[in-house]
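Trainee: Top line first, the protein sequences correspond to chains A and B. Throughout the first sequence, residue numbering follows UniProt numbering, covering 1 to 579 in sequence. Throughout the second sequence, residue numbering follows UniProt numbering, covering 1 to 579 in sequence.
Certain hints may be false.
[Unchecked claim] DSS-like mimics (lysine-lysine), calculated; alpha carbons at most 27 angstroms apart, straight line:
(1) A:Lys79 <-> A:Lys451
(2) B:Lys175 <-> A:Lys572
(3) A:Lys79 <-> B:Lys562
(4) A:Lys35 <-> B:Lys572
(5) B:Lys367 <-> B:Lys315
(6) A:Lys156 <-> A:Lys353
(7) A:Lys572 <-> B:Lys558
(8) B:Lys562 <-> B:Lys451
(9) B:Lys35 <-> B:Lys79
(10) A:Lys79 <-> B:Lys175
[As the list claims (entries may be wrong)] From the structure, some residues in chain A lie toward chain B, with a derived Cβ separation under 7 angstroms:
(11) Val51
(12) Glu83
(13) Gly114
(14) Thr225
(15) Val402
(16) Gly571
These aren't lab readings, by the way, just hints derived from the structure by calculation. These figures come from a predicted structure and were not determined experimentally. For each residue, glycine too, the CB sits at the ideal point set by N, CA and C.
Protein chains: 2
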Amino acid sequence: MDSSATRCVVIIIYGLCFLSILIESKGSSKTLNFKWDVEYMHWSPDCNEGVVMGINGQFPGPTIRARAGDTVVVELTNKLHTEGVVIHWHGIRQIGTPWADGTAAISQCAINPGETFVYKFLVDKAGTYFYHGHYGMQRSAGLYGSLIVDVAQNVKEPFHYDGEFNLLLSDWWHKNAHEQELDLSSSPMRWIGEPQSLLLNGRGQYNCSLASQFSSPPLDQCKLTGTEQCAPQIMTVEPNKIYRLRIASTTALASLNLAIGNHKMVVVEADGNYVQPFSVYDMDIYSGESYSILFKADQNPAQNYWISVGVRGRKPNTPQALTILHYSPTSPTLLPTSRPPVTPLWNDYDHSKAFTNRIKASRGSPKPPTTYNRRIMLLNTQNKMNGFTKWAINNISLSLPVTPYLGSIKYNLNNAFANSPPPETFSPVYDVMRPPVNPNTTQGDGVYMLKFNSTIDVILQNANALADNVSEIHPWHLHGHDFWVLGYGEQKFTDKDVVNFNLKNPPLRNSAVIFPYGWTALRFVADNPGAWAFHCHIEPHLHMGMGVVFAEGIYRVKNIPKEALTCGLTGKMFTDKKH
Amino acid sequence: MDSSATRCVVIIIYGLCFLSILIESKGSSKTLNFKWDVEYMHWSPDCNEGVVMGINGQFPGPTIRARAGDTVVVELTNKLHTEGVVIHWHGIRQIGTPWADGTAAISQCAINPGETFVYKFLVDKAGTYFYHGHYGMQRSAGLYGSLIVDVAQNVKEPFHYDGEFNLLLSDWWHKNAHEQELDLSSSPMRWIGEPQSLLLNGRGQYNCSLASQFSSPPLDQCKLTGTEQCAPQIMTVEPNKIYRLRIASTTALASLNLAIGNHKMVVVEADGNYVQPFSVYDMDIYSGESYSILFKADQNPAQNYWISVGVRGRKPNTPQALTILHYSPTSPTLLPTSRPPVTPLWNDYDHSKAFTNRIKASRGSPKPPTTYNRRIMLLNTQNKMNGFTKWAINNISLSLPVTPYLGSIKYNLNNAFANSPPPETFSPVYDVMRPPVNPNTTQGDGVYMLKFNSTIDVILQNANALADNVSEIHPWHLHGHDFWVLGYGEQKFTDKDVVNFNLKNPPLRNSAVIFPYGWTALRFVADNPGAWAFHCHIEPHLHMGMGVVFAEGIYRVKNIPKEALTCGLTGKMFTDKKH
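Generate the whole structure from the sequences, applying the supplied hints.
Mentor: What follows is the structure in structure tokens.
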């Protein structure tokens with residue numbers, strides 16, 4: 001893509017009004033009904049047969065395509081033999097429907113085998129979303145799919161494109177999710193290691209490569225007819241047209257980087273919010289994030305090009321995922337002659353930070369309140385507990401209760417979770433640059449009770465893990481809200497850092513990373529009654545306790561479906577009062 | 001053992017009063033309290049590491065040892081991450097406590113992760129019992145243990161012995177139970193195959209043998225120090241003493257045969273009921289059965305001897321399980337010089353039938369009513385259903401409902417299960433010697449409603465499976481009752497067979513096999529209010545629908561713990577009536 005073409009794309013984008021996203025097209029909004037069965041299936045996501053958790057015989061699950069203002073109704077039936085299930089609609093704020101957030105032990109009881117739960121919620125805001133299991137490690141088991149919300153019928157996107165593609169990114173292990181849970185919960189902890197494969201829309205190739213002549217370490221050329229479950233979905237473009245590529249990462253672990261060989265990408269959306277467009281040749285995507293990029297098919301149309309996705313942020317041991325950008329009418333099976341784009345070095349954090357820092361809210365986006373009512377400092381540490389390895393926040397490792405918070409708070413049930421709130425901050429003398437002096441932690445299930453409509457600042461503070469000179473990236477995801485990302489910084493956050501907060505055009509997102517040894521400052525308004533998870537989106541980390549729970553205005557929540565609460569102390573309450 | 005020694009043992013047994021088992025020693029009866037956590041564990045049951053479902057860190061689960069008249073209280077906490085769990089107390093009739101039978105969807109809702117359910121029941125009758133999971137295929141996952149009920153304090157066993165041993169038999173697959181469930185539920189069905197190992201008290205050896213010089217196919221000698229999880233438990237005896245060996249089989253699939261090299265065994269108990277003692281050199285044990293045998297340590301005390309367990313009834317592909325009968329003070333690690341007892345040919349059904357037909361009730365055992373009120377004929381067939389493979393009874397393949405029958409029947413809930421009762425019999429022209437003319441079946445969840453206190457005859461009729469010239473052994477197990485085994489016969493049961501029923505000394509049991517192409521006649525009194533599973537104890541067969549449900553006198557059941565019913569329509573009923 002030459003620079004004039006890039007400029008052309010950017011000009012188109014700037015030329016449109018971003019306020020359009022706020023308009024609700026009530027006249028044409030619809031209710032979309034889906035009946036889904038969740039079950040295990042034999043599947044070969046990476047050409048190696050395993051077992052996936054699928055929906056209606058599909059892996060990944062069906063893509064939901066709605067318009068802003070529509071109501072989505074998913075009747076979810078659990079067809080597993082002995083396991084509960086829930087589905088979280090990642091990025092949907094569930095305004096007025098906190099019981100439909102799909103987080104086991106927080107917004108609802110897990111749906112038991114044979115039972116059906118109806119998720120009914122408004123998709124109020126156009127954007128690129130996805131859904132996934134939020135119970136145990138069912139995301140790692142393959143329970144996920146895409147949720148795309150188009151602008152309402154009479155609304156135009158603030159940029160032009162001729163066609164679009166969707167890429168849901170995930171990572172895949174050959175060890176099943178139950179064994180992963182056990183490994184992580186064992187003393188000593190057994191780390192699950194790097195994924196065997198990266199998947200693009202549920203498709204990857206293990207032990208072979210689509211680009212074997214370039215693969216290092218060497219791999220055989222994949223012999224695929226195109227009909228296999230693991231065959232790549234080829235993206236076909238027509239020369240000189242502009243395409244939107246929607247990208248979301250539901251990885252259990254991997255931080256990723258995506259590039260399209262020779263093609264420049266213009267980032268226009270992050271987590272369902274428009275951003276000030278900017279051009280890149282590669283982009284990082286952390287678990288829990290979604291993006292839209294535009295690209296123009298402006299390269300030699302006699303060739304095809306690689307789309308590559310590789311691991312970043314952890315020393316990779318997984319080959320790149322590849323698929324082909326195919327220029328019509330060239331043959332779609334013509335392999336690109338060039339080397340697939342090389343993923344930036346896994347630990348080139350400057351590259352990562354440069355990308356992240358370029359993400360700014362688009363013009364017309366809602367601005368953050370200029371002050372906060374409460375600041376919560378959250379120290380992220382890796383810890384030990386009686387020989388087990390845990391992740392903890394302010395030295396409390398989250399252990400979810402049996403009774404969903406939404407119910408226990410609504411009905412003022414004592415003993416459903418810890419009475420004392422978790423700590424507001426951590427010791428001012430904690431040295432984030434070194435392993436913890438005392439690595440011991442405890443488990444807890446306390447809740448940060450937020451005053452309704454108050455403005456909350458959260459400072460996520462990273463630290464050194466248990467081993468010397470190790471500090472990992474953690475992508476944090478907030479349920480029920482978007483937050484403004486006010487800033488990122490190095491080492492320990494201090495009050496002096498506040499002056500550098502971006503209050504002018506901070507991006508609105510539902511996910512944000514903390515970089516190694518760094519901090520990230522977020523602001524949100526606690527204006528959505530419900531109980532909301534806020535956690536590291538790396539599933540093994542959440543499993544090991546890396547999360548907290550916020551709750552606000554639950555007294556305002558009416559009509560919680562009883563089916564959401566037929567377990568634990570709420571189940572007992574319903575039961576004891578009758579018969 | 002020479003014949004005079006055998007006679008001596010037998011004389012001791014005959015000389016005692018069998019009525020003693022009915023005496024309840026109320027003065028000394030106790031309540032035994034247990035707190036159990038169920039969780040997955042890394043374990044090496046056969047020297048190959050896998051994942052087992054264990055209890056309190058043990059595999060198999062802890063042995064419960066009680067006295068007749070005691071009350072057992074097990075507070076069972078589900079520490080699994082996403083799966084429900086129940087435990088069935090196999091052989092305990094649960095008189096007055098049908099909600100404690102531990103059958104998911106029949107007697108209770110599965111216990112959800114994090115929740116605790118209290119099983120409280122009377123062990124009214126001395127005998128050799130066991131317990132196991134009864135949800136999905138959690139028995140195959142390793143959820144089982146022994147339950148031994150000694151005679152009450154002032155009561156003597158009707159035979160003498162100097163010491164005793166306990167052997168819980170099971171089979172083990174390297175493929176996890178979830179994948180087994182999926183394989184069996186797939187279209188086309190994928191058969192799970194023969195187990196990788198047989199386990200004695202949870203211990204087996206894969207890919208090596210304790211008796212390698214005799215193994216065929218050849219296997220390396222196991223190199224074990226004795227401290228491994230897979231090391232055999234050696235049984236140490238003193239010369240010339242008499243021992244009781246309690247044996248129970250909780251296999252998922254395998255029919256077994258047990259022998260003690262050179263030692264004669266006297267069978268004295270079957271399924272918690274004394275039998276007329278008889279001597280054998282090897283004995284069959286089907287899944288769901290338990291036995292006690294007596295043997296005298298009357299062989300050359302300078303040697304040790306093999307105890308061997310091998311597969312019968314299916315073409316075996318699993319090595320014998322072995323352990324050592326060790327004569328003190330000989331070294332326990334001295335390997336027997338003789339070849340382990342050879343398991344009778346897998347398809348030598350005459351041998352099997354000869355053993356089974358020798359089992360008669362001991363003198364003084366309760367006699368069956370001489371007539372029946374209702375006869376239910378149950379045809380066992382293998383079938384097809386939309387490409388899936390099923391097992392069906394009278395052409396209905398059991399598909400358990402979401403709401404436990406005990407609750408839905410107690411509260412007269414409509415739509416909890418099929419209104420129409422399942423068929424009382426099958427077509428008189430059905431040819432049991434050939435594959436089904438029409439192999440199609442349907443699923444159902446109807447119940448055989450039995451008149452309280454009526455006498456029920458059940459004729460289990462075997463048939464040819466889907467393939468030509470195949471008819472398998474099925475060990476049927478009844479919950480909530482013992483039944484009298486009135487007789488076994490070949491081919492199709494006819495009214496003329498009734499004259500050969502044994503009404504004089506039919507054994508009281510809770511499990512009985514049907515032999516290939518044969519029938520088995522059972523009689524029981526429907527005198528225990530509750531909902532009771534009656535099913536093939538081969539777990540994959542039950543998973544594929546091979547069972548029925550009996551219910552009787554549920555209107556008499558009071559005080560069902562609400563925790564047993566907080567799911568499905570009973571859960572909804574409790575919930576809807578309040579709030």
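Trainee: Checked against the structure, which of the hints given earlier come out wrong?
Mentor: Hints 1, 2, 5, 6, 14 are the ones this structure does not satisfy, whereas the remaining hints hold.
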